[in-house]
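Generate coordinates for the entire structure from the input sequences, incorporating the hints supplied.
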Amino acid sequence: MIDREPDRVACGPDRGQTTLDFAIAMSVFLTTVLFVLAYAPTMFDPFAGGSGTKLVVADRAATTLSTDVLAASTAEPGVLSASCLKAFFGGGDDDCSTGDDLGSNDIPAVTNRNYNVTIHDLDASVDTPATPLDEPDDIELTKSNSGSVPTDVAVATRTVSIEGDPYRLTVRVW
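With full-length UniProt numbering applied, the sequence shown covers 1 to 174.
Please keep in mind that the hints were generated in silico from the structure rather than gathered at the bench. Careful, some of the hints might be misleading.
[Claimed, not checked] DMTMM-like, lysine to aspartate or glutamate: derived pairs with alpha carbons at most 25 Å apart:
#	residue 1	residue 2
1	Lys54	Asp127
2	Lys54	Asp152
3	Lys86	Asp152
4	Lys54	Asp68
5	Lys86	Asp59
6	Lys86	Asp68
7	Lys143	Asp165
8	Lys143	Asp21
9	Lys86	Glu140
10	Lys143	Asp59
11	Lys86	Glu163
12	Lys86	Asp121
13	Lys54	Asp95
14	Lys143	Asp123
15	Lys86	Asp123
16	Lys143	Asp127
17	Lys86	Asp21
Here is the structure:
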C-alpha cells in the first residue's frame, strides 16, 4: 500500500491572497478615501466668511433694532417707540432716547454690508411696508442702504408691537 501525503492546508506566510480578500480590502480603502475627500473641505467652513455670517449679522441686527434702537424701553423689548420709528425710517429729528444710535445711516449691528429693514403687517409680504403711524407724511417703514435686494440674502424676523398692534420686523442682509 502506498502512503499518501495528507493534503496541505496553507496557513501563515504560505497562504496567498484570495480574490475575496482583495475585494474587501479595496472596498474599505476606497470608502475611506471617499469619506475623507467628501468631508475634509467642510472642516474649514467655520473659519471662512460665508453665508452663515450673513445670518448671524441679520439676527443680531433684528435683535438690536427690536430691543434697543427702536424699543420704547429696554424693559419692554419688542414694543417699538413711534418717535424712534420716525427718526429711523423718516430721518426726522424726533425725540428718541436712542437718538445717538440713529445718527448714522448704518444700523449699529450691520457694518460693511448691504441691508434692508422693513416693518410690515403679519400677513403681508416683506415688500409691502406698513404705515401704522398717524402722520401726514405717512412714513413707510422701510430702510435700505442699497437700491435692490438680491435673491441670496439672510433674513431675520421679529414680531413687534407699534401702538398696541402687532407687526413683523424683517431684516435682510447681503
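Verification of the hints:
1. A C-alpha spacing of about 20 Å is found between Lys54 and Asp127, which places the hinted pair at or below 25 Å, so the restraint holds.
2. Taken as a hint, the Lys54 and Asp152 pair is honoured in the structure, with Cα atoms around 10 Å apart against an allowance of 25 Å.
3. Of the pairs offered as hints, the one joining Lys86 and Asp152 is violated, with about 29 Å between alpha carbons and a cut-off of 25 Å exceeded.
4. Between the alpha carbons of Lys54 and Asp68 the distance comes to roughly 20 Å, so the proposed pair stays at or under 25 Å and holds.
5. Under the criterion of a C-alpha separation no larger than 25 Å, the hint pairing Lys86 with Asp59 is consistent with the structure, at around 23 Å.
6. For the suggested pair Lys86 and Asp68, the alpha carbons sit about 15 Å apart, so the restraint of at most 25 Å is met.
7. Between Lys143 and Asp165 the alpha-carbon distance is near 21 Å, which keeps this suggested pair within the 25 Å criterion.
8. The straight-line distance between the Cα atoms of Lys143 and Asp21 is roughly 67 Å, outside the 25 Å bound, and the hint therefore fails.
9. Of the supplied pair hints, the one linking Lys86 and Glu140 holds, its CA atoms being roughly 10 Å apart against a limit of 25 Å.
10. Between Lys143 and Asp59, the direct Cα distance comes to roughly 17 Å. Compliance with the 25 Å bound is thereby established for this hinted pair.
11. Note on Lys86 and Glu163: the hinted pairing holds, with a Cα-Cα distance of about 13 Å set against a maximum of 25 Å.
12. With a C-alpha separation of about 17 Å, the suggested pair Lys86 and Asp121 falls inside the 25 Å cut-off, and the hint holds.
13. A threshold of 25 Å between alpha carbons decides the hint, and for Lys54 with Asp95 the separation of about 32 Å lies outside it, so the pair is violated.
14. As the CA atoms of Lys143 and Asp123 are separated by approximately 20 Å, the hinted pair is consistent with the 25 Å bound.
15. At roughly 23 Å between alpha-carbon atoms, Lys86 and Asp123 fall within 25 Å of each other, so this suggested pair holds.
16. The hinted pair formed by Lys143 and Asp127 meets the criterion: a straight-line CA distance of about 12 Å does not exceed 25 Å.
17. Only pairs whose Cα atoms come within 25 Å are accepted, and Lys86 paired with Asp21 is rejected, the gap being roughly 76 Å.
Comparing the model with each earlier hint shows violations of hints 3, 8, 13, 17; every other hint is respected.
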